[in-house]
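Using the sequences provided together with the hints, build the complete structure.
Chains as they are written, first to last, in my numbering: chain A, 1 to 126; chain B, 1 to 297; chain C, 1 to 227.
Just to be clear, a hint being listed does not mean it is correct.
Stated by the list, open to error - Simulated restraints on C-beta separations:
1) A:111 / B:28: 52 to 62 angstroms
2) C:170 / B:64: 37 to 47 angstroms
3) B:54 / C:78: 51 to 61 angstroms
Said to hold, decoys possible - A few chain B residues that don't get close to chain C, going by computed Cβ distances all over 10 angstroms:
4) 8
5) 51
6) 215
7) 243
8) 274
Read the hints as simulated data drawn from the structure, not as lab findings. Bear in mind that the values here come from a model prediction, so they are computed numbers and not experimental data. Just so you know, even glycine gets a beta-carbon here, dropped at the ideal spot from N, CA and C.
Take a look at the letters that make up each chain.
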Amino acid sequence: MFDHIDARSPVPLYEQIAAELRLAIAGQELRPGEALPSVRQLATSLRVNPATVVQAYRDLERGGYVELRHGAGTFVRALTAQRRESERSRQVRALVRRLLADAAKLGVGVRELREALAQETGAKAR
Amino acid sequence: MTQAIETRGLRYRAGSFEIRSLGLSVPAGSIYGFLGPNGSGKTTTIRLLLGMARRVAGEVRLLGHDVPAQLPAALGRIGYVPERPHLYQALTVAEALRFHGAFYPAWDAAWAESLRAQFALAAGQRIGRLSKGEVGKLMILLALAQRPDLLILDEPTDGLDPIVRRDVLTAVLEYVAEMHATVFVSSHLVHELERICDWVGVLDHGSLVAQLPIEHFKSGVKRVRFGTPPVLTNGLHLEVISRGADPVGAGELWVVRNWSDDLGHSLTEAGAHVREVIDLDLEDVFVELLRGSRQPV
Amino acid sequence: MLRAMLYVQWRAARWLLVPFVLLAFGLPLLVLGAARRFALEGGELLPERLIALQSEAVFFFPALAALTGFVVALAVWQWDHRTGHVYALSLPVSRPRYVLLRLLAGMALLAIPVAALWAGAITAVAATPVPAVLHAYPLAFGLRFLLACLIAYTISFAFAAGTMRTTLVVVIVLVAFLSLGTVAVEVTERLTHTTDLYRPIELLHLALLTWPGPFQVFGGNWLLIDV
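Dropping the structure here:
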C-alpha cells in the first residue's frame with residue numbers, strides 16, 4: 001500500500017492517501033475495527049505533512065469509512081456489502097477512465113483497446 | 001495571531017542586491033516552503049526576519065512580536081538552523097547541548113538526549129570532528145529540543161546525503177505532528193519540499209514571485225500543447241507564463257498559470273486546438289515561473 | 001546562563017591562561033629573588049638596594065597586567081568571531097545582556113592569573129627577610145595588579161567585541177593622531193620658534209600614566225617591598 005503516492009500528480013496528496021485507504025477498506029485488506037497508523041507514523045513514513053494525513057483521515061471519516069476516536073486513534077468501520085461493491089466499482093471505473101485518457105493521448109480507439117484486452121486476458125487464461 | 005511570520009513592505013539593500021517591498025505571510029501551523037534559486041536572497045531574507053541584518057524599511061513580525069523591538073522574546077520560541085554551522089567547534093556534543101539549553105526556557109533536556117541517541121551522535125565527540133551529516137543532525141536537534149513554536153530552517157539538508165536528509169525530515173515531521181509548530185524552510189531542493197509543504201513562496205532576485213497554497217500553485221500551472229494556439233484577446237483570462245514552439249510536433253507549447261477544464265473548453269470553442277495538457281511537478285512549476293518572471297510574455 | 005557562558009569561556013581560554021598564570025606566579029619570585037641576591041651584603045638586605053633593584057623590574061608587572069587583560073578579552077570573543085556571531089544574534093537574550101554575560105564571565109577568568117600573582121607575591125615575600133625599615137605589601141600589590149588587569153580587559157573587550165573594521169578604524173585614528181600630530185607640532189615649532197610644545201606621543205604617555213584616571217594604575221607604585 002502507499003507505494004503510488006505521487007507528488008507530481010495533479011491529484012492532491014491527501015486525496016491519493018484517502019483513495020488508497022478507501023480501496024483497502026473496500027477490498028477487506030483493512031478489516032473493521034482495525035486501527036489505521038497514527039497521523040505521526042503515517043506522515044513520517046510517507047514523508048508528507050501531518051496535516052495532509054489529518055485531511056485524508058477526516059475525508060474518510062466524512063465518507064463513513066473510519067471513525068476518529070479521540071486519544072485512541074482512527075479505526076476502520078464496517079461497511080455494508082453494498083457499500084463495498086459501490087466503492088470497488090467506483091475505483092474500477094476510475095481505472096478505466098485513466099486508461100481511456102492515456103489511450104486518447106496516443107490516439108488509440110476503444111475498439112483497439114477491446115481487442116488488446118481480449119488478447120491479454122485470453123493469453124493469461126491459456 | 002494567525003500568521004507566524006509576517007512582513008510588510010520589507011526593503012533592504014546591499015551593494016547591487018536589493019529586496020523590494022517584500023510581503024511574506026506564513027500562516028501559523030503551516031509548513032511553508034521558501035523556494036528560490038541560489039542568490040535570490042533567501043538567506044538574506046531570513047537574516048532580516050531574525051534581526052541579524054538591518055532592514056531599510058518595512059515591518060517584520062515573528063509570532064506576533066515586532067522585530068527587533070521584541071526580538072529576544074520571540075527568539076525563545078524560534079528554532080533556527082542557519083545555512084552554515086554556527087556551533088563552537090571545540091565543544092563536545094554534550095557541552096553544546098548544555099550551553100544551548102541554558103538559554104531557552106522551554107528546553108527539553110530529556111528529549112534532547114533521546115534525539116541525540118536517535119541521531120547516533122556521540123556525546124563526547126567534538127563538534128569540529130563531526131561529519132557534515134552529523135553536524136546537520138545536531139543543528140536540527142538543537143533547534144527542536146528547545147520546543148519552538150516556529151522553526152526557521154535555512155537549507156537544512158543542503159549537502160547532506162539522502163539518509164541524513166530522511167532522518168532530519170522525519171524528526172521535523174514528527175515534531176510538527178506532535179506540536180503543530182510552524183515550519184519555514186528555505187531550499188532549492190524542490191523535490192524534497194514538494195511532499196511536505198502546504199504553502200510555497202517563490203523568491204527571485206529579491207522579489208516574491210508567488211506565494212500561495214501548494215495545490216493552487218501546482219493545479220493551475222500546466223504545460224499546454226496547442227495544435228492551433230489561441231488568439232490572445234482581452235476577453236480571455238489566460239495567464240501565460242511562457243510560450244514557444246513545440247519541440248515535439250508542429251504547434252506551440254505554452255505554460256499557463258490558471259488552467260482549468262472550463263478554460264480549455266472556451267479556448268477550443270474560440271478556435272484553438274488543444275493537443276495535450278501536461279501536469280507539472282513542483283520543480284517544473286518553479287522553473288517555469290522563474291523563467292516567465294524573468295522574461296515576461 | 002552565566003554559568004553556561006562561564007563554562008564556554010573557560011573552554012575557549014583555558015590553555016591560553018597557562019603562560020600567564022606561570023608568569024604571574026613566577027615574576028614576583030624572580031624579582032625578589034634577584035633583588036635578594038644583589039641587595040645582600042654581610043648577611044643582610046640593604047633597604048636602598050632592595051628598592052632600587054625592584055624598581056628596575058617595575059615595568060614588568062603593569063606590562064603583564066595589560067597583556068593578560070588584553071589577551072583574555074580577545075580570547076572570550078574569539079569563538080564568536082569565528083562563527084560569525086550567529087550565536088550572539090540568535091540566542092534569546094538581548095544584545096546588551098549577552099555582552100554583559102561575556103564581560104562578567106571573562107572577568108571571572110581573570111581571577112586565575114590574579115590569584116597566581118597573589119600566591120607568587122605572598123610566597124616571594126615569605127621567602128625574603130624584609131629589613132625592619134621596609135614593609136611588604138602583597139595585598140596592595142595584588143589589588144593593583146587586579147585593577148590593572150580589569151582595566152586592560154575592559155578596554156580590550158570593547159574593541160574585541162567590535163568588528164575588525166571598527167578596531168581598524170580606532171587603530172588608524174590613533175596612529176593618525178600620533179603621527180600627524182607630531183608633524184603638526186614640529187612644523188608649528190619651526191614656524192613659531194618655540195621649543196616647548198608637547199608632542200602627541202608625550203601627551204599620550206602623560207595622559208596614560210599621570211593624569212588622574214583609570215590608566216594611572218599602570219604608572220603607579222609597583223613595588224612589592226617598600227617603605
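Evaluated hints:
1. As the Cβ distance of residue 111 (chain A) to residue 28 (chain B) is approximately 56 angstroms, the hint placing it in 52 to 62 angstroms holds.
2. With their beta carbons about 40 angstroms apart, residue 170 (chain C) and residue 64 (chain B) fall inside the hinted range of 37 to 47 angstroms.
3. In this structure the supplied range 51 to 61 angstroms is violated for residue 54 (chain B) paired with residue 78 (chain C), their Cβ-Cβ distance being about 25 angstroms.
4. No beta-carbon of chain C is positioned within 10 angstroms of the beta-carbon of residue 8 (chain B); the least distance is around 22 angstroms.
5. Look at residue 51 (chain B): its CB is around 7 angstroms from the nearest CB on chain C, not clear of 10 angstroms, so calling it non-interface is violated.
6. Look at residue 215 (chain B): its CB is around 33 angstroms from the nearest CB on chain C, clear of 10 angstroms, so calling it non-interface holds up.
7. Residue placement check: residue 243 (chain B) keeps its beta carbon more than 10 angstroms from all beta carbons of chain C (closest about 45 angstroms).
8. Even its closest Cβ contact with chain C, about 52 angstroms, leaves residue 274 (chain B) beyond 10 angstroms, as expected for a residue assigned away from the interface.
When each numbered hint is compared with the structure, violations occur for hints 3 and 5.
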